[in-house]
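A.B. asks: For the record, the sequence lines run as chains A and B.
Just so you know, the first sequence maps onto residues 1 to 466 in my numbering.
Just so you know, the second sequence maps onto residues 1 to 151 in my numbering.
Mixed in with the good hints, there may be bad ones.
As the list claims (entries may be wrong) - Among the chain B residues that face chain A by a calculated CB cut under 7 angstroms, a handful are:
1. S13
2. G52
3. S56
4. L57
5. K59
6. S60
7. P62
8. R66
9. N108
10. G133
Just so you know, these hints were derived from the structure itself, not from any lab.
In this text the structure is predicted, and so the values were computed from the model without any measurement.
Beta carbons: idealized from backbone N, C-alpha and C, even for Gly.
Spelled out from the first residue to the last, the chains are:
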Amino acid sequence: MTATSSKPFYRIPRRVPGSQFPVSEIYKPSPTPQPANILPPSRHPYADIVHRLEAGGGLLPDSPENLMRVIGMYKAYAVPMDFYWRDLLYLGERVFIDPLPFFKYFPTQEYFDLPNHYAGDNADYRIWRGWEKAHPELMEFIEKGETGKLPRLFHHLWHDRINMEFSEDLARSMMWHRMSGPLEAFLDSEEYITNANRAIEAYLLSNPLYAPLIVLHKAFPQMFLEQARMATYMSILGLFWEIMAPVFFEISDLYDEGKIQTIPDAINFLVNGIFIAAGRPIYHHVYIKGKCYEIIPKSKGFMWLYEAALPYVEAVFYRTSPFRGTKSYNAEAGEVPEKQEDFHYGILYADKFPVGTAGIPPTLLHQDMSHFLPQYLREHLLRNCRGEGDLLVQVGISFQRSMYTVTSAVIQALRAALLYPLDDPNPKHLVANRAFFEGQLNRFLRPQYGINEASRILNVQTTTYK
Amino acid sequence: MADIVDIAVGAGSFQTLVAAVQIAGLVDALKSPGPFTVFAPNDDAFAKLPPGTVESLVKSPPQLGRILTYHVAAGKYTQADLAKLNYVTSLEGSRIRIDCSDGFEVKNSTVIAADIEADNGIIHVIDRVILMGGDREVDVKTTIEFCTPEV
Chain A
1 MTATSSKPFY RIPRRVPGSQ FPVSEIYKPS PTPQPANILP PSRHPYADIV
51 HRLEAGGGLL PDSPENLMRV IGMYKAYAVP MDFYWRDLLY LGERVFIDPL
101 PFFKYFPTQE YFDLPNHYAG DNADYRIWRG WEKAHPELME FIEKGETGKL
151 PRLFHHLWHD RINMEFSEDL ARSMMWHRMS GPLEAFLDSE EYITNANRAI
201 EAYLLSNPLY APLIVLHKAF PQMFLEQARM ATYMSILGLF WEIMAPVFFE
251 ISDLYDEGKI QTIPDAINFL VNGIFIAAGR PIYHHVYIKG KCYEIIPKSK
301 GFMWLYEAAL PYVEAVFYRT SPFRGTKSYN AEAGEVPEKQ EDFHYGILYA
351 DKFPVGTAGI PPTLLHQDMS HFLPQYLREH LLRNCRGEGD LLVQVGISFQ
401 RSMYTVTSAV IQALRAALLY PLDDPNPKHL VANRAFFEGQ LNRFLRPQYG
451 INEASRILNV QTTTYK
Chain B
1 MADIVDIAVG AGSFQTLVAA VQIAGLVDAL KSPGPFTVFA PNDDAFAKLP
51 PGTVESLVKS PPQLGRILTY HVAAGKYTQA DLAKLNYVTS LEGSRIRIDC
101 SDGFEVKNST VIAADIEADN GIIHVIDRVI LMGGDREVDV KTTIEFCTPE
151 V
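Turn these sequences into a full structure, and let the hints guide you.
C.D. replies: Structure below.
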C-alpha cells in the first residue's frame, strides 16, 4: 500500500463559512492502483485508507515508527488518565454540587487506593496485569512533582501538578453536546430529578455553612439540579477512563514484551478491550456523610459502550469547542458553526503547532503527558525537530497519531458489532462494510466551515508531520 | 406446545442464551403470555463475540438484560410478516433492521431457522448476536454519533 500523497487532491471552490457544498462535488477517484479484491476498488477520495480499513488496518499507516509513537503516547497518557478518572469520580461522588469547591483537585487517599475494576487480582475482568491502585509513577509525581517533595498544596499553587482542568473541560464538552446516548433523555426524567433533589437537599443540609442555601434551591430549583447533571457527567467520564487507563497500560506492557508488533495488532487489542468493557455499568452514586445516594442506579442498564465510549468519541475526538486562540466567536464573522454537529475541534482536527501558546486548551494535556513519556519515545522526540524546545508540539502530534489509532479501533469495533467480518464471503456484506468505512471517512471531507482543511488525516499519512 | 424458554432449553444449542436469560432475570418475562418474537442467537453466535465479552457481561445483569431485550419484539411476527416490514421495534426500545430481499437477515445476522412456534410467541434462530446502534437512516453524515441507539 503506497502512502497517500500529502498534497490535497481536490480544490475547494471557495471558502464560504457555513456553505453547504454537496460532498459529491469534492469527490475524485483515487489515482492509486489497488490490489485485487472481491469488490472493485473504492472510488472514494481516501480509497487507500478505505482499503486499509478493509484489510483490518487503521487510519494511520502501519510502520515501526508510527507504532512506537502511538504506544509511547498511550503509556504517557495512561498515567495522568489514572489521576483524571480517580479525581473525576471524586468530583462526581464527593464534591458533587459544592458551591465552593476550593479543594476539588485534592482527592482523598481513598480515591488513590480505589481499586480499578479492570486491573489487579480482584478485578471484574483483568485487562492490565498490574495493580489496581493508583499507578506508582503517578504517586511519585503527586508526591514530588517537578520541584521536589513538598506539601500538595504548595505543588498546586506553584502549578506543579496534573492539569485536571483539561478532563473537566472534556466532561463539560460531553454535556454541552448532549452526548451520553439514551442516558441523555434520562437526565430530564422525573426519576432523575427526584433522585438528584434528594441528594442535593441532603448535601446542603449536611454542612452548616451551606444549609441556608436550601432556600436558594427551593426558589431556583433548576440551579443546583444542573450542577448535579454536571456531576453526573464527571462520573460518566471517570467511569469511561477507568477502563481506558488499564487498556493503555496493558498495551504498553505488551509492546515492551514484543507482543504488539504492528498497528493492526494494536487496533485488535483495543477492539477487544472495547468489547470486554462494553457492558460495564454506567451509574452515578453520591456519598454524603457515609450514605450512598443512587442518582443513576446501576439497574437502569446504562452501559459503557453506549452511554460513555461512543458519546465520548463523538464529543471529544470530533467536536469539542473552538479553541479561543484559533477561532473567532464573533457572530458576524460566522467562523463558528451554528449547529453543534458541524463542530470540528476535536483531536482529529486540531492544529498542534500552536501548542504551548495562549488559547490552546490541549496544551494542558500535553504538559501532563510530557512528564510520563517512556524513555524510548523521549529520546526519539529529543532527536527530532527542535528537541526539548518544541517537545510539547511533538508530543501533541504523536498524541494525534495515537488518537487516530483509537478512532480506527472504534470504527473497527462498530463494524464488528453492527456489520460483518472483514473476510465475509458475501459481496453484499462487504459492500455494506465499505459504505460504513466510507461514511466514516466522509467526516474528514465535509467542506462546511473548512472541516476538510482542518482534518489532519492526510498529515498523519506522512512521516514528515512531527 | 411449550413456551419460548422451554423450547430453548430443550433444543440444547442455546446453552449460553438460556444461562444469560437466567442471570438477567428474564425467565419469568419470557414465560409470560406475551406474545413475543424472539431472535435467538445460538451458542455458535455467542462464540463469535471477541474473548471476554460474555464473561464480563454476565457480571452486569441489568446491562446484559438490556442486550437480551434487544433480541425480543412484542407481538408475533412470522418470516412472512417481517418480510413486509423494514424495521421492527425491540423491547429495548431501539429498532431492528429486517431484510428479507435475499434470504432472511435480521440486522447483521442471518436467520438459520425461522418460524419456530411456541405457546407464547415465535422464535427465529440467528447466527450472530445483534447489538443496538446504527439503525438510523444512513446518509453522508454517517457518523459515530449516528451509530449510537436512538434516544
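A.B. asks: Indicate, hint by hint, whether the structure satisfies it.
C.D. replies: Hints, one by one, checked against the model:
Nearest Cβ of chain A to the Cβ of S13 (chain B): about 21 angstroms, over the 7 angstroms cut. The hint is violated. The closest approach between the C-beta of G52 (chain B) and any C-beta of chain A is roughly 4 angstroms, which is under the 7 angstroms cut-off, so the hint is satisfied. For S56 (chain B), the suggested interface contact is upheld, since its CB lies about 4 angstroms from the closest CB of chain A, less than 7 angstroms. Hint on L57 (chain B) holds. Least Cβ distance to chain A is approximately 4 angstroms, under the 7 angstroms limit.
Given the 7 angstroms rule on beta carbons, the hint for K59 (chain B) holds: about 5 angstroms separates it from the nearest Cβ of chain A. A least Cβ separation of about 5 angstroms between S60 (chain B) and chain A falls short of the 7 angstroms threshold, and the interface hint therefore holds. Among the interface hints, the one on P62 (chain B) holds; its C-beta lies about 4 angstroms from the nearest C-beta in chain A, closer than the 7 angstroms criterion. Hint status for R66 (chain B): holds, given a least beta-carbon distance of 4 angstroms to chain A, under 7 angstroms.
Satisfaction of the interface hint for N108 (chain B) is found here, the shortest Cβ-Cβ separation to chain A being roughly 5 angstroms, below the 7 angstroms cut-off. Evaluation of the G133 (chain B) hint against chain A yields a held restraint, the C-beta minimum of about 6 angstroms falling below 7 angstroms.
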